[in-house]
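Colleague: Each chain, written out:
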Amino acid sequence: MTALSPLFYLTLLPLVTALFIMAGSNARLTARVSSVLMLVLSLVLLGSYRTAEGGFQFLSSIPVSESLGLSLSFGADGLSLAMLLLATIVTVSAVWVIPETVERANFFYACVMLISTGVIGAFASTDLLFFYAFHEVALIPTFLLIGIWGSGDRQAAAWKATIYLGLGSFVLLIGIMGLYLSGPAGMRTFDMITLREWAETGLLNPPDWVYLTLLFGFGSLVSLFPLHTWAPQAYASAPTPASMLHAGVLKKFGLYGMLRIVTPVFPEAMQTYLNLLLVLLVGNILYVGLVTIAQKRLDWMLGYSSVMHMGYIFLGIAGLNELSLSGAGVLMVAHGLSIAALFALSGALRERTGTLDFAELGGLGKSMPKLGLLFGFAAMASIGLPGFANFPGELLIFFGAMGASGGLAPGFQLNGLQITTIIAVWGVVISAVYMLRAYRKVFFGTMPERWAGLADISPVTRYSVVLLLAALMIIGFFPQLLLQYVTPSILLP
Amino acid sequence: MTPQTAPWFILLTPLVVAAVILFFGKISKPFSAGLAIAGAAFTCVLSWWLFAMPDFTDPIRIEWIDFARLLGPESTFQFAVPIGVTIDGLSKLMLVVVTTIATLVFTYSVGYMAKEEGYSRYFAGLSLFLFSMLGIVLADNFVMMFIFWELVGVSSYILIGHYFTRDSAAEACKQAFTVNRIGDFGFMLGILTFWLVTGTVVFAELEAGIGAFPSSGWLVAACVLVFCGTVGKSAQMPLHVWLPNSMEGPTPVSSLLHAATMVAAGVYMLARIFPILLAAPGALEVIGWIGGITCFAAGLMALQQDDIKRILAYSTISQLGYMVLGIAVAPVWGVAMFHLLTHACFKCLLFLCAGSVIMGMHHEQNIWKMGAIKNKMPFTFVAMVIGGLALMGFPWITSGYYSKDLIIEWAWGVGPGWFWMAALGVLLTALYTTRLLWVVFMGGPRSEAAKKAHESPIIMVAPLIILAIPSIILGFPGIQQMFLAIDHPHDVPGWVPWMLKAFVFLGIAIVIAIYRGAPAKDPIVIPFFANRLYIDNLYAWIVRWVQDGTATASGFFDRWFVDGLCVQGGAKFTWATGFVLRFLQTGNLQAYALFFGAGVIALIYFLIAIS
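Those protein sequences? They're chains A and R, same order as listed.
First residue of the first sequence: 1, per my numbering; consecutive thereafter.
First residue of the second sequence: 494, per my numbering; consecutive thereafter.
To be clear, the hints were calculated from the coordinates, so they are not data collected in a lab.
Careful: at least some of the hints might be erroneous.
[Claimed, not checked] So the derived label-pair ranges between C-beta atoms look like this:
id, chain 1, residue 1, chain 2, residue 2, range
1, A, F412, R, A955, 55 to 61 Å
2, A, L414, R, W501, 35 to 41 Å
3, R, A1046, A, R450, 30 to 36 Å
4, A, L4, R, A512, 42 to 48 Å
5, A, S458, R, A1046, 48 to 54 Å
6, R, A512, A, N205, 52 to 58 Å
We put the beta carbon where it would ideally sit given N, CA and C, even for glycine.
Based on the sequences and whatever the hints tell you, model everything.
Modeller: Below, the structure written as structure tokens:
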């Protein structure tokens, strides 16, 4: 057996950190140092990945059960590395924004590091079952964070998320088992790389119901309409780092799964059930977009907006070509960074005002100019302004989905994907409506007397958010930097 | 510095300036202002230099997104979005217009904003705007233009919302951005359609590709969709409502963005794709009607406004309508661009004069509080009269006369409807412009502020004088030929130009007759015009009842049906509830962990069982 993959150590690092913290080391310091180390390590991996070669690199495997074809194996291609970069950046930001006043600090920090372990493990795994299991590892501390440190009706929020995500995971597990069992008897394996090779060579022919269970399993984890109602409530209740990590990174697990497993294995099934997926994602963009406009609290609005943007990524997946899938990959990273920044800032806001009700806020740009400025940047990123990574993501999705089935028919007939794309482009208007309305209600207008003396954002939080925004802008200005990792690793049927 | 690199210096200097002011603007006010002005002046000098140089054909271009490189040489898939520059007569002209006006307005702002809050934020916003605007001018492809199109939108948002604690400004900037996004919805779909057929977004390659359109209907559709971008950005009807409200921004912003340059970007874009439009007569038909209706209807609305800046805003909409009409009726883009050029000078001048008046009147914008200030503000008065005459198209001696009449004469041969709307627009322009000038400067003072009005400082007056010169001479054929080539129509009957001249004099005479006695309030009241044809009210109703209504209904549905059905109802029947629910309701949070731990164990058990 060769040496262990650096990805193994990257996964182990937050876990060990969590153990250290539980054992009583200085939680704040340990977690902060460790999070930065993780980011550095992931950047080193990104730098040492040989893009010219492509494929999975940094492979290592520890067999768990030969007869089952199960092993603890790590490996990363460009897409996984992009997701790992997202995970580590958001981890740094989430760890650094944790306020000093947090109760039971050690337990709190350990939970955050455990989420990080789970997401990093999931993105670094090449074994399907461990990929799934790491996601579960990340979910448990998320629920704990919501249930113990949450605000508002946290019990209900945690419970609802448990039902949805628990059942979603269960359905997903059935799908994974179905996929596993449809491999050739005697050779069955959970190895994703092998599964993809089999899918290409025709050895793997899972029935359609496997696709549907995977779609609904992953879908409910990603808050695909109509399985989305857990998300806004959970994000509104969760403490800031938990919403940052969940909305920013953990939720991408489902999309990553779609790109990693579903698109290479089920291209025919995806075509057969294309209209189903299109209807659901229009639900995300149009219907949830409208629901977002109706929100009266900032945290709920952000939660719903995050649900809405999942529709674009699903559109990229439905487009099923180089452009749209690359766009989906870029938008996954971009959305993760921008929603994490928005939750970090709304968390800082709640810390100061104690409320995120639009009716009670207003004119805060005057008392908190820096927070207002940063929120403006993050809001603009999230509504797809050029200059931020979200824009090339959405752009590629629009181009890809529009051109997915060739050109134009001579008559004015459009296919389903093209109609959906038109609706999605209209979604850009909807996002502008709700985001600018929220920004106007919170930061513009006359300021109620009681907010006059509020302190502006603290330097640590500011730089944590600047880190996210800087990443968004670097990718936004130079999308090729990210695309050179993402695009070649999108295997096309 | 070579002609190849100069455009990149022009483009990137304002961005660097904006970033430096954002980070270091706190150092001092003169630092922010000085840096911004120096940056703008630098782009201005380079633009004039470039203008004097011959065209070149090998501009530098980088690939912003390039799939051929991503997928490797063996892949047949092609998709590329470059960031590159176009340097031709059109872009060089526009560069000169934008950078020159920007430099003057930046300088003027030093005086106008001296006592205002958010000084360095203001100059950072202006520099960001200049960067974005230059990006539109230089863009060599649709996507790059769209990128900067959105960025001028956001810089406009920032600058309109400069006084963000004012509710009216907060609403105005939000509306401007949203309405522009509605236009951009069509623009993006148009770009997608062009790409879908031709496989490229680069302007230079598009023209050759339009033969691939499956039907002429699609080409018209694509052009009209792209034109939606113009309707939004250039405030054409029915998306014009944001421009008058954008007057909530500081006056120099109104002058630079919402009169001279940014709103003209829509016309510039049409000029850029002019050869394609010529191949789609159906699209030109739509463009002509929108432009014609806009130039006439906005003139009607301007007649009854009381805010000095809003009168000018409606006049801007109307003049932009002329330019859009100019695209539809003339065989060359030079006709529309000629009016864009002269309008940029005289409308910028008018707004800067209005700013000077507003300063002199201690921030009073209602013209019915002004009056008799011509002797107190002599420079402003003369400059504003020159601007006003140019706007009316006062015969022979003003630039607006040459450029506007040209469009109307071209409209004669194309469609009588367009011609008469544009011609009557001349009468309307003379009416509202003379009303503005007369009420503000003549008669008797209508308030204390009017009695105490004073001339503005030299840093504000100097740009007025500089702009007054081109407002007069730019239209003279000898000078116009230095900037662009135009064509004159040959089949226009002799009475047409005389009728247009008569309209100008008639308008001036009517207004003086009505407003001569220094009335305290407007003797003419036409609610239909004063209420802007009730279009704003209609939109407010749509937003309130259609948009917010469906949003609220969806929110209700989501909460009580989608959520309620799935969780409250569905969950009660699932296998998990009976057992786990009781567990969790005890508040024992470790149960969550147990729940998932149990899942993992069950999973492992399942695996062993199937092996």
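Colleague: If a hint holds in the structure, say so; if it doesn't, say that too.
Modeller: Evaluation of the provided hints:
Checked against the hint of 55 to 61 Å, the C-beta distance between F412 (chain A) and A955 (chain R) comes to roughly 56 Å, which is consistent with it. Remark: the range hint 35 to 41 Å for L414 (chain A) to W501 (chain R) is upheld by a beta-carbon distance near 40 Å. The hinted window of 30 to 36 Å between A1046 (chain R) and R450 (chain A) holds, with their beta carbons roughly 33 Å apart. At roughly 43 Å, the beta carbons of L4 (chain A) and A512 (chain R) sit within the given window of 42 to 48 Å.
With their beta carbons about 41 Å apart, S458 (chain A) and A1046 (chain R) fall outside the hinted range of 48 to 54 Å. For A512 (chain R) paired with N205 (chain A), a C-beta distance near 55 Å keeps the hint of 52 to 58 Å intact.
Comparing the model with each numbered hint stated earlier shows that hint 5 is the single one that does not hold.
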